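Protein chains: 2
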Amino acid sequence: MKYLHTMVRVSDLDESLDFFLDKLGFVLVRRTDYEKGRFTLAFVAPPGDEAYTLELTWNWDPEKLSGGRNFGHVAYGVEDIYAYCQQLMDKGVTINRPPRDGRMAFIKTPDGISIELLQLGDALPVAEPWASMPNIGSW
Amino acid sequence: MKYLHTMVRVSDLDESLDFFLDKLGFVLVRRTDYEKGRFTLAFVAPPGDEAYTLELTWNWDPEKLSGGRNFGHVAYGVEDIYAYCQQLMDKGVTINRPPRDGRMAFIKTPDGISIELLQLGDALPVAEPWASMPNIGSW
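Those protein sequences? They're chains S and P, same order as listed.
Each residue of the first sequence is one higher than the one before, counting from 0 in numbering that gives the first Met the number 0.
Each residue of the second sequence is one higher than the one before, counting from 0 in numbering that gives the first Met the number 0.
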């Protein structure tokens, strides 16, 4: 038995592809438009780990996508959590939970799905400006 | 960069461990109880693919865990989708979307998280009783 993927719905595929590809640096592994069913599936993955995709489902008929408490987050490991968060901030992404501990940060997709970022290996040394950075909103 | 895990919250850890370990046949990779924070993290994974865990977060203070539309499902591949679904049914698990096509089924966790089951490799030949089995509820 084998883990395959996690699926989240997106309300605006262009906005979500901008978020995952341009801001997070993910790669688009596959995209299929289903004319008859009026939906598109786009599989995105972190660079270097393309076997484990996040499936983005975009239903063409508009729908408000609210969140629920039974789902938590999807987690990715990064090589340098400070450099990665700085890159996100430079692109206008809010760091809801900054990596004050050199180890863990949280951001949110345009549809409010929480994404956990974890430093691979040992935590980085605690450092400014991260150590003093406040939380923003929820995650 | 690397995919690490998906986290879902559970309202009753014993019920969820029964679901994942006894009914789905997953393995418990790690469990940690956090007395001070009053929560438990349990990482479960499909047998044979223990690197890719599902993190179950159980907050000790009771909370109603409703679902939202922005999250879709977590998907696992199985060797024989008919045998796997039969095993689930024998243990009392509702197959919300039976594998009528020999390829895909959906079930739900006790807290309403959808789980997609996909036949690894080619679809199995369409066969009864699966082909005539109706959907039950949503997924």
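To be clear, the hints were calculated from the coordinates, so they are not data collected in a lab.
You may find that some hints are simply not true.
It does not matter which identical chain is meant; a pair holds if it fits inside one copy or across any two.
Each computed SDA-like pair below joins lysine to any residue, with the alpha-carbon atoms no more than 25 Å apart [as the list claims (entries may be wrong)]: (1) LYS90 to GLY76; (2) LYS63 to ASP79; (3) LYS22 to GLN85; (4) LYS1 to GLN85; (5) LYS1 to SER131; (6) LYS35 to GLU49; (7) LYS1 to THR31; (8) LYS35 to PRO128; (9) LYS35 to ASN134; (10) LYS63 to PRO128; (11) LYS1 to ASP60; (12) LYS63 to ASP121; (13) LYS1 to GLY111; (14) LYS63 to VAL125; (15) LYS63 to ARG37; (16) LYS63 to ILE94; (17) LYS63 to PRO124; (18) LYS90 to ASP60; (19) LYS63 to THR31; (20) LYS90 to TYR33; (21) LYS63 to PRO46; (22) LYS63 to MET6; (23) LYS1 to ARG102; (24) LYS63 to TYR81; (25) LYS35 to MET0; (26) LYS1 to LEU119.
This one's a predicted model, so the numbers in the text were calculated from it and none came from an experiment.
Original post:
Are there hints from earlier that the structure breaks, and if so, what are their numbers?
Top reply: Violated: hints 2, 5, 6, 8, 10, 11, 12, 14, 17, 18, 20, 21, 24, 25.
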